[in-house]
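**Q** Each chain, letter by letter, is given below.
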Amino acid sequence: MATATAEPQSLPATEGDGHKHKKNALSDGQGRLAWILLAPTLIIIAVVAGIPVILSFWESLHQTNAGVDPNTGMIAGGDKFVGLQNFTDIFTGANPVTGSYGTIDRFWNAFLNTTFITIVCVLLETVIGVAMALIMAKAFRGRGIVRAGILVPWAIPTIVSALMWKLIFDSSGVMNRILGTQILWLADTGASFWAIVIADTWKTAPFIGLLTLAGLQTIPAEVYEAAKVDGASTWQQFVRITLPMVKPALVVAVLFRTLDTLRMFDLPYGMIGPGKYRVETLSVFAYQEAAQTRYGPAAAYAIILFIYVLLVAFLFVRILGAEVIGDADVQKKKKKKKGDEEPAGPPATALEMAGGAH
Amino acid sequence: MSATTADVREEHLSKEEIEQLAHPKRPLKARVGVVLSYVGMALIVLYCIIPFYWMVVSSLRLPTEGQSTEFIPSPVSIDNYKGVFSAQNNFGRSLINSVIVAGTTTILVLLFGIIGAYALARLRFRGKVLVLWLIMACSMFPLVVLLPPLLKMFSSTSPFTWFPYWINTYQSVILPGLSFGLPLAVWTLTAFFKQLPVELEQAAMVDGCTPGVAFRKVILPLAAPGVLTTAIIVFIGAWNEFLLALTFLQDKDIQTATVAISKFTGTTGFDTPYGTIMAAGVVVTVPLLLAVLIFQRRIVAGLTAGGVK
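Sequence lines, in order, name chains A and B. Start counting the first sequence at 1; every next residue gets the next number (the working numbering). Start counting the second sequence at 359; every next residue gets the next number (the working numbering).
FYI, nobody ran anything at the bench for these hints, they're computed from the structure. You may find that some hints are simply not true.
Claimed, not checked - Rough simulated footprint, nothing fancy, chain A against chain B, three-plus residues with beta-carbon under 8 Å: (1) 490-502; (2) 506-513; (3) 540-547.
By construction, the Cβ of each residue, glycine as well, lies at the ideal position given by its N, Cα and C atoms.
Chain B extracted, bound-state conformation (with noise of 0.2 Å):
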């Protein structure tokens, strides 16, 4: 009878106990303390987006109306993204000189970069601290030392009267870049091969692989999604410089979109065109952004791998 009695105590017991972790009482505080987190939170977003959202409010108001500051354009119009492809303007020509400049950098960065990270991030020699602070050093200089002996180099002025007339092309914007573009792929594409386990090679290699050939069968196609991230980050910093290309491509015809933008003129000439421009700045972000969004985790995951151990 007495064990009875404790069995139903301890169940109810129990019971309780269940009733408890099922439903945890969350003190008031802690609750406040969620509903400031999500205002918080709520703050974040804001704070990153409503400037962006200006940009595209002001991009679909009136041309005329560039500089209106009501918060909701009206009449909604899209002139402004049809002056931006006019021939005036002739954005998409500057466009696909910016995929062009881009794409070609992205694609040479990772081709170097790639066996220099895998080296740097599994192979033992020495030297390996010298290589590690010359990358480092490299992504440090103010890009805008170059410019003096470049200016100087690509438009052939002496005493480089030999070297070839290099203003206004796509190599001059392209080789510069890769200043910056490979510190960055190295750093980051060593990082993600420092992820991937050694035992993988050893037993490619122990099944008979040469370690170039357990770098291409195994682990390349492991590291695929690190590639495309560092691919990704690399691209969107080559898209958006501006300097080089500010520098080298003067001619309208090979222009990339960052110096189109940023020499649009209004019809008039003395008017900012405010709604043109955001227009295009419009046209030149989304691209990014939609990449951006798609592969978020990715590319957080990408640029903190060489931050954070």
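One chain only, chain A, in its complex shape (with noise of 0.2 Å):
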């Protein structure tokens, strides 16, 4: 984040990070240098990501030649070239299925579960994870206790974590015990879709809260103070101070952790199965489409999958965008109550929340 934020404005000449211009010795001239300890990355990623996507948007405008039985796994036929064949095919409904909205076609359901599991575990991570972090901050001794318990949760593989609470949700397991209920969690009911979503929480709250915490410790305690000497009642601190000063760490993280949902896969495929339409993500379906050699309808759904990520990352930038504008206006109207001139941040910051995202 400190890099890219730096990044939009060193771009005219002028260095970025403090150090004022020229005066950088080892980055005089040295651009070439800065290319040649480049090139390795950026080969690597040409080779392992950038070649693939593309061979990958190839195969999405291609089928496997309809002669060939794909039950049988015999791909000799080879591929025809079927354009937005693929793409437009999600629109026919030519493969529906019924899951927890009804009897559509499976694209749809696949989006649609991505999209709500996406939304709900979101909205509670970022919930729980701000609530973690307030107490933590809070907090005078055992930080060190609580930051080792909430590292497990980030540290368990997720596909066994998905194992563990497949165990817990069993439908004769603790959690209906606890709940005194006879749920069945794991059979592809609506259920399933909230186990999904307690278990993805639990591995991921804690992060959140974490990168959150991190946010709350830059806060001067001075302002808390002056805030309670002009009578600032608790709420008020919280909405007026803390939220506003911890938003850039916290979006950076609810960034991350949407972006990671919507590719969810160990999850769903480890606890509840493949082929389980009232939780199968994206993710889950277009590897089962390529497990089952239909590469072109496969590399269809991921891409399609890519672009709704690259979507989803630039509304964010942008709404954040916009709120920062927004926020200007508002701070520019009450500076005007003051008699405050200073100028209000520059529009251009959705370059900078972009490069903030990591």
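Build the complex from these two chains, which are given one at a time in their own frames, with help from the hints.
**A** Here it is as structure tokens:
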């Protein structure tokens, strides 16, 4: 983040980083060295990610020849170019399944699952994560223990946590015993959705908590003291000081989590299983298609997911950029009242926020 | 006389002040707040630990009581752990595979990531923003996009008949794995390098070092903690990788631990062997937990370095 935030300013020949122009002895006329040092990274990224993505796009324009039975796994017949048919097929409803949204095309079912799981999970994780961060920030002692505890869900492999929750949510498992219910969590019911949400929230809310805590710790105590002197209530302090000041860190954490949840694979696959339409995400669906050698549709769905992820990231950036501008407007109004003439920040923050996404 | 009184008074006052400073009166509200914060912290720890506790407990039951809901296993048994390493499951082999895959990925990622991150942190050049965008986009894309073409390629299916058959090889997982490990490493390392003052290299160069030597002899030793942290984060990521391994490693002898766990079957073949799975889960997780607990400060610093300025 530090890197990227500095970049847009450093482009027009002035150095960011707080170093004065031309003071960085290492960086004068060393663009070639930079490219040499970066070359291995860039080449590897191009080979292991760039080329396969392009191939995947090419693949999405093809279908396995109809003369070959896909069930036998015989793919000797080769491919035929079908243009955008794999993409347009999702609108014809050729592959209807019955999930939580009635009988609709399997793609849209997976798309809606992905979307709703992401929205619910990220909302819950953010609320719980922020609450955790607030508690940890208040603590005087024992922060080390809490930090150690918080890293436990993060370190457990997702597939192991999926199987762990599978045991907990078993129909005769401990969750039903504690709740005194007989819910079939794993049987591809509406409850399966919530089982996924709970398992994902458990694993990643602490991560949001950690990132938010780091943001909280940058807020100087004087700000709160001043607010107290002015008679601000705890809630006012939270809404007017804590949230705005922690926003940059929180936004990055939420963006991370959103993109990650959109790609979710291990949890539904390991916990509920493949081909369960109530929880089938786009990643699971695309994987299933690829595993059954329907490479064309699989690539098409994966590409759509990729575009979806990019779009969400872009919207995040735009909305946050808009919010930043909005904030600036609000600040302008406030400052007018106070008679402060300091200009508000430039509206070109979108790029910075985007760069700040890591 | 009056002066003495004043002195005494002053002394008296300051004593009171000292007293007050030494034992600040905590209003009831603040004390309740402290208690509540401890309760809150306890809740957080319980929230994080309890499901893991359930995994450990379930792994310590008799294999026949896999789905028991007793909170303490009785009798405590390590039969599940024996089962994990039995000939049927061959989990030791899977662990070795995981170490090979995750270890190689980490080493490769660090080799290339360190020099790339150093350039991004220190050098000024045209197109830096573009590179940053590219690396970020790379860490953003869904891994499943890679599957269709790579599956075709690695299985030498037309039109990739010229490509060697790579299904069930380590490189089929390691190379695509670089696509998520490398951006992660570059971002984390860039943040670490930026924390080191640039004056260090300047001093070294004044003393006659070339930038390369300054990097090797001055920066790299100082950045060692950051490199170690990055290594741990990347290793954990690669160790936990599931989708690529599931797709490309189909042979039992080359499966990584995460795939092996997901494919455990019971002796009867009908029941899910929860006890064995949980025991294997504990075996896979405990090394990571130990590393995380030992290096927790560093890891938290590494995870937040990119996120917070």
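**Q** Given as covered by chain A, does the region 540-547 of chain B meet the bar of three residues or more with CB within less than 8 Å?
**A** holds (count 4)
**Q** In terms of beta carbon proximity below 8 Å, does the region 506-513 of chain B have 3 or more residues touching chain A?
**A** With 6 residues in contact (Cβ-Cβ under 8 Å with chain A), the coverage given for the region 506-513 of chain B holds.
**Q** Checking C-beta pairs, does the region 490-502 of chain B have three or more residues closer than 8 Å to chain A?
**A** holds (count 13)
Hint compliance for this structure: no hint is broken.
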